[in-house]
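> All chains should be built: construct the whole structure from the sequences, respecting the hints.
Number of protein chains: 2
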Amino acid sequence: MQDYSPFLNLFSKHLEDYSRALNKAEPKELYQPGAYILSLGGKRVRPLLALIAADLLEQNPQKALPAALAVELFHNFSLIHDDILDNAPKRRNKATVHIKWSNNIAILSGDILLVKAIQALQQGNHKLEQAQLDVFLRTAAKVCEGQQMDMNFETQKKVTVEDYIHMITLKTAVLLACSLQMGAIAAKANKSVQQNLYAFGKHLGIAFQLMDDYLDVYALKNQAFGKQIGGDILSNKKTFLLLRAFELADKKGKQRLNAALKMNDQPKEKIKIVKSIYSELKIDQLCITEADKHTQIALKSLQNIKADNAKKEVLKNFALQLLSRTK
Amino acid sequence: MQDYSPFLNLFSKHLEDYSRALNKAEPKELYQPGAYILSLGGKRVRPLLALIAADLLEQNPQKALPAALAVELFHNFSLIHDDILDNAPKRRNKATVHIKWSNNIAILSGDILLVKAIQALQQGNHKLEQAQLDVFLRTAAKVCEGQQMDMNFETQKKVTVEDYIHMITLKTAVLLACSLQMGAIAAKANKSVQQNLYAFGKHLGIAFQLMDDYLDVYALKNQAFGKQIGGDILSNKKTFLLLRAFELADKKGKQRLNAALKMNDQPKEKIKIVKSIYSELKIDQLCITEADKHTQIALKSLQNIKADNAKKEVLKNFALQLLSRTK
Numbered sequence: 056m057q058d059y060s061p062f063l064n065l066f067s068k069h070l071e072d073y074s075r076a077l078n079k080a081e082p083k084e085l086y087q088p089g090a091y092i093l094s095l096g097g098k099r100v101r102p103l104l105a106l107i108a109a110d111l112l113e114q115n116p117q118k119a120l121p122a123a124l125a126v127e128l129f130h131n132f133s134l135i136h137d138d139i140l141d142n143a144p145k146r147r148n149k150a151t152v153h154i155k156w157s158n159n160i161a162i163l164s165g166d167i168l169l170v171k172a173i174q175a176l177q178q179g180n181h182k183l184e185q186a187q188l189d190v191f192l193r194t195a196a197k198v199c200e201g202q203q204m205d206m207n208f209e210t211q212k213k214v215t216v217e218d219y220i221h222m223i224t225l226k227t228a229v230l231l232a233c234s235l236q237m238g239a240i241a242a243k244a245n246k247s248v249q250q251n252l253y254a255f256g257k258h259l260g261i262a263f264q265l266m267d268d269y270l271d272v273y274a275l276k277n278q279a280f281g282k283q284i285g286g287d288i289l290s291n292k293k294t295f296l297l298l299r300a301f302e303l304a305d306k307k308g309k310q311r312l313n314a315a316l317k318m319n320d321q322p323k324e325k326i327k328i329v330k331s332i333y334s335e336l337k338i339d340q341l342c343i344t345e346a347d348k349h350t351q352i353a354l355k356s357l358q359n360i361k362a363d364n365a366k367k368e369v370l371k372n373f374a375l376q377l378l379s380r381t382k
Numbered sequence: 056m057q058d059y060s061p062f063l064n065l066f067s068k069h070l071e072d073y074s075r076a077l078n079k080a081e082p083k084e085l086y087q088p089g090a091y092i093l094s095l096g097g098k099r100v101r102p103l104l105a106l107i108a109a110d111l112l113e114q115n116p117q118k119a120l121p122a123a124l125a126v127e128l129f130h131n132f133s134l135i136h137d138d139i140l141d142n143a144p145k146r147r148n149k150a151t152v153h154i155k156w157s158n159n160i161a162i163l164s165g166d167i168l169l170v171k172a173i174q175a176l177q178q179g180n181h182k183l184e185q186a187q188l189d190v191f192l193r194t195a196a197k198v199c200e201g202q203q204m205d206m207n208f209e210t211q212k213k214v215t216v217e218d219y220i221h222m223i224t225l226k227t228a229v230l231l232a233c234s235l236q237m238g239a240i241a242a243k244a245n246k247s248v249q250q251n252l253y254a255f256g257k258h259l260g261i262a263f264q265l266m267d268d269y270l271d272v273y274a275l276k277n278q279a280f281g282k283q284i285g286g287d288i289l290s291n292k293k294t295f296l297l298l299r300a301f302e303l304a305d306k307k308g309k310q311r312l313n314a315a316l317k318m319n320d321q322p323k324e325k326i327k328i329v330k331s332i333y334s335e336l337k338i339d340q341l342c343i344t345e346a347d348k349h350t351q352i353a354l355k356s357l358q359n360i361k362a363d364n365a366k367k368e369v370l371k372n373f374a375l376q377l378l379s380r381t382k
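Sequence order for the protein chains is A and B.
All residue numbers in the first sequence are consecutive under the working numbering, ending with 382.
All residue numbers in the second sequence are consecutive under the working numbering, ending with 382.
These aren't lab readings, by the way, just hints derived from the structure by calculation.
Take these hints with a grain of salt, some might be off.
No copy labels: a pair is met if it fits in one copy or bridges any two.
Think about it this way: if two alpha-carbon atoms lie no more than 27 Å apart in a straight line, the pair counts; the simulated DSSO-like pairs of lysine-lysine are [stated by the list, open to error]:
| no. | residue 1 | residue 2 |
| --- | --- | --- |
| 1 | Lys367 | Lys243 |
| 2 | Lys79 | Lys197 |
| 3 | Lys213 | Lys155 |
| 4 | Lys213 | Lys79 |
| 5 | Lys79 | Lys182 |
| 6 | Lys212 | Lys83 |
| 7 | Lys79 | Lys212 |
| 8 | Lys212 | Lys155 |
| 9 | Lys182 | Lys243 |
| 10 | Lys182 | Lys246 |
| 11 | Lys292 | Lys83 |
Predicted model only: the values in this text are computed from it and were never measured.
In structure tokens, the structure reads:
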């Protein structure tokens with residue numbers, strides 16, 4: 056298995072220094088929640104993508120550290136605010152910011168992380184790569200749009216699989232794409248390389264979210280998935296699986312699905328029935344096929360890039376490990 | 056009376072075009088609240104300061120339009136989020152965003168306005184003035200810090216007048232200062248001019264907030280103040296007046312003040328007693344003196360700038376009109 060620890064160590068050291076300063080900044084109620092959520096850990100996927108992209112193209116991942124920090128701060132800004140929107144009590148088994156402090160503090164400490172994310176792009180003499188800022192801001196807007204679409208879907212009657220793919224592209228995939236492109240910009244890559252890395256990240260992100268939907272239902276207990284199996288079914292979340300099932304089911308199948316969605320007092324039975332409908336319609340396989348389609352598009356984009364093949368393998372393996380979650 | 060309508064017309068036209076596009080953007084739930092709060096009006100003080108500064112230095116206010124839009128969008132982002140924090144039902148006699156839509160929509164639509172504010176600084180070919188972005192981001196962080204301090208003061212036992220001046224500097228004054236400096240940067244002014252305009256705006260902002268505290272208690276009914284007289288007293292808000300009164304009152308005076316603050320069931324009586332204590336301690340005069348001190352520092356900074364005297368008068372008069380609220 057590929058060893059990403061040099062990248063992770065490089066970023067972790069940088070983040071640690073940053074978080075230490077953040078934790079001391081005044082007023083504490085504004086800055087400590089940011090340091091807290093950063094301290095909860097995570098795979099640091101987005102900063103690693105920025106560093107690996109820069110390394111792929113220029114052998115110097117250091118140059119992508121400002122971009123790596125920016126995407127991680129932005130990601131954590133969005134987590135703080137999303138946890139308020141989702142009313143989520145826990146993240147990584149620890150209290151979310153709005154629970155540990157308050158909604159008001161979570162709003163403001165999220166806001167400041169967004170400002171700090173953009174400041175992280177500024178280097179000595181407040182210079183920054185304008186192209187990095189540009190992709191970053193366009194991505195930030197898309198992530199907000201995706202989050203709003205996700206909220207809308209909760210009450211929206213008609214949601215197509217196409218709508219869903221569009222939503223996860225905005226909410227999840229473009230930030231991975233942006234991380235890679237910003238790493239490429241740090242390495243002074245040309246526009247075509249940037250675009251191919253962006254496409255790689257976008258389709259990887261879509262595949263990742265589809266596998267997330269899949270694993271929510273089908274993960275083995277010993278798989279390091281970190282969520283309650285069947286949670287999406289229990290909350291009637293409009294995932295790829297559920298939306299595709301509604302599209303494919305016949306009239307009677309739709310009735311059975313609708314009836315199952317109302318079985319909130321029998322969670323085990325609810326999961327069992329929905330899974331059996333999925334199974335009849337081969338939804339599990341369709342989800343994997345769809346994820347695989349996007350993985351292949353991602354890998355094709357990577358092939359288009361002229362770079363050291365061994366280094367391209369590093370990025371490819373990182374992507375595949377991310378999709379299988381078997382690290 | 057000075058006529059600012061050319062500046063206001065220039066900005067209003069620009070903002071109108073922008074808001075129209077914002078109002079049509081998808082998803083609507085994300086973008087329409089921003090267009091809504093912008094449509095509620097306001098004096099557009101911050102963008103006017105940016106335009107007047109650019110006009111003062113270069114005769115071409117057009118160049119400061121991106122900065123003017125950025126500060127207005129940022130201001131409205133902060134209003135949307137502050138209204139959640141303050142649980143405010145109304146703004147300019149219309150429902151606040153979190154009331155008209157929901158807290159969740161107010162959080163996200165505020166977030167996107169912050170992103171859009173920074174995007175507004177980007178011009179053709181996504182170029183921007185790095186110095187503008189720098190002062191803008193540092194100011195954005197300060198505004199969040201000031202908002203957090205203001206929240207902290209609500210429950211903080213010991214708040215000094217000095218703490219209070221620091222808080223209003225961050226929460227209110229630096230955004231006026233930033234608007235002027237960004238206008239100066241747009242006009243390619245040198246660092247010394249930028250700093251003098253920043254200082255002008257900062258002290259103007261402090262004076263403005265002190266006069267806001269004063270007028271909350273002492274505004275005549277026919278003055279165009281737009282708030283309920285005595286509102287700060289009724290909500291026990293730690294304003295300059297209350298904090299200075301606690302500093303100056305003797306033991307018995309402090310007891311009377313503390314007793315008055317608890318009279319929530321007798322609002323008229325509460326206002327009357329607090330005002331009589333203020334009157335005994337000449338707090339009203341002290342507040343005006345303090346505001347005047349900052350106005351003088353502001354005007355001194357303006358004098359330091361080498362520019363057309365008639366145009367300096369324009370900016371001076373704008374400031375004085377702002378302080379007197381008698382437009």
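> Are there hints from earlier that the structure breaks, and if so, what are their numbers?
none
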